[in-house]
Amino acid sequence: MAKITGYGFWIDIKSLKGEDKKNWIICLIASGLAGGLAGYLSVALSETGIDALGGIEENGIYIWLSIIEIVCIYIAVYTYIKVLKNQDQLFQKYNEMTMIGGALGFILLGIPIAILSPFIGYDFGFIDLFLGFALGACINSYRFYKIFIKED
Amino acid sequence: MKNKLKGLRAKKGVSQNDLALALSVSRQTINSIENGKFDPSLTLAIKMTRYFELPLDEIFVYED
Numbered sequence: 001m002a003k004i005t006g007y008g009f010w011i012d013i014k015s016l017k018g019e020d021k022k023n024w025i026i027c028l029i030a031s032g033l034a035g036g037l038a039g040y041l042s043v044a045l046s047e048t049g050i051d052a053l054g055g056i057e058e059n060g061i062y063i064w065l066s067i068i069e070i071v072c073i074y075i076a077v078y079t080y081i082k083v084l085k086n087q088d089q090l091f092q093k094y095n096e097m098t099m100i101g102g103a104l105g106f107i108l109l110g111i112p113i114a115i116l117s118p119f120i121g122y123d124f125g126f127i128d129l130f131l132g133f134a135l136g137a138c139i140n141s142y143r144f145y146k147i148f149i150k151e152d
Numbered sequence: 001m002k003n004k005l006k007g008l009r010a011k012k013g014v015s016q017n018d019l020a021l022a023l024s025v026s027r028q029t030i031n032s033i034e035n036g037k038f039d040p041s042l043t044l045a046i047k048m049t050r051y052f053e054l055p056l057d058e059i060f061v062y063e064d
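Chains as they are written, first to last, in my numbering: chain L, 1 to 152; chain C, 1 to 64.
Honestly, I wouldn't trust all of these hints.
What the hints assert, rightly or not - As a list, the in silico DSSO-like pairs of lysine-lysine whose alpha-carbon atoms are at most 30 angstroms apart:
{"no.": "1", "chain 1": "L", "residue 1": "K21", "chain 2": "C", "residue 2": "K2"}
{"no.": "2", "chain 1": "C", "residue 1": "K47", "chain 2": "C", "residue 2": "K2"}
{"no.": "3", "chain 1": "C", "residue 1": "K12", "chain 2": "L", "residue 2": "K82"}
Stated by the list, open to error - Beyond 10 angstroms from chain C on every Cβ pair, some chain L residues (computed):
{"no.": "4", "residue": "M1"}
{"no.": "5", "residue": "A2"}
{"no.": "6", "residue": "I4"}
{"no.": "7", "residue": "S15"}
{"no.": "8", "residue": "I26"}
{"no.": "9", "residue": "Q89"}
{"no.": "10", "residue": "F91"}
{"no.": "11", "residue": "K93"}
{"no.": "12", "residue": "A103"}
{"no.": "13", "residue": "F106"}
{"no.": "14", "residue": "I113"}
{"no.": "15", "residue": "F148"}
Note that these hints are calculated values from the structure, not bench results.
Source: prediction; values computed, not measured.
Here a beta-carbon is modelled for each residue, glycine too, at the ideal position from N, C-alpha and C.
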């Protein structure tokens, strides 16, 4: 069974066995690749990035990199769900709390930024919603650690 | 919900790890239940009654 470590931000890989361990490592590699590609592509395919590259038509590789990014996301989600299904109820609760935190971050942080962005002259992008999700998920992961895991 | 898990486990001479292995959960789950931080599901509670060979209300104490 997965052992939650790092103040609720990490899972001890050694605590996973067999298929779960394999799937977790695949999930980490796929999400790392997807994150790296997302960062690279968001810069390369930005307005100035495209200009520097000489137009998207000239750079067919970027459509393939984008498809690889999507495939990596699908693989990461698929393997994460496979690991999650084999874990006990405390871990399921951890997943639940983290996802709820993410949804709250999305709604309470990301959406207000989206609504206010025209008034504050901020160039709003999808990444802001994602960062809202990530921040909310991190806050609730830590709350979970404090409530359920931390040993006195 | 309060429980007598810690005492029952000590009486039986098993560690949190042994109990976790027997019930197919993590040691963190057992620790969290013992400290009253986390309430187990009905399935896990029934597994505990079978493991300790005791009725549910001798392991868990429900107070209004």
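Cross-check of the supplied hints:
no.: 1; hint: L/K21 <-> C/K2; in the structure: 34 angstroms, violated
no.: 2; hint: C/K47 <-> C/K2; in the structure: 17 angstroms, holds
no.: 3; hint: C/K12 <-> L/K82; in the structure: 35 angstroms, violated
no.: 4; hint: M1; in the structure: 4 angstroms, violated
no.: 5; hint: A2; in the structure: 7 angstroms, violated
no.: 6; hint: I4; in the structure: 6 angstroms, violated
no.: 7; hint: S15; in the structure: 7 angstroms, violated
no.: 8; hint: I26; in the structure: 21 angstroms, holds
no.: 9; hint: Q89; in the structure: 5 angstroms, violated
no.: 10; hint: F91; in the structure: 7 angstroms, violated
no.: 11; hint: K93; in the structure: 7 angstroms, violated
no.: 12; hint: A103; in the structure: 22 angstroms, holds
no.: 13; hint: F106; in the structure: 26 angstroms, holds
no.: 14; hint: I113; in the structure: 35 angstroms, holds
no.: 15; hint: F148; in the structure: 5 angstroms, violated
In summary, the numbered hints that this structure violates are 1, 3, 4, 5, 6, 7, 9, 10, 11, 15.
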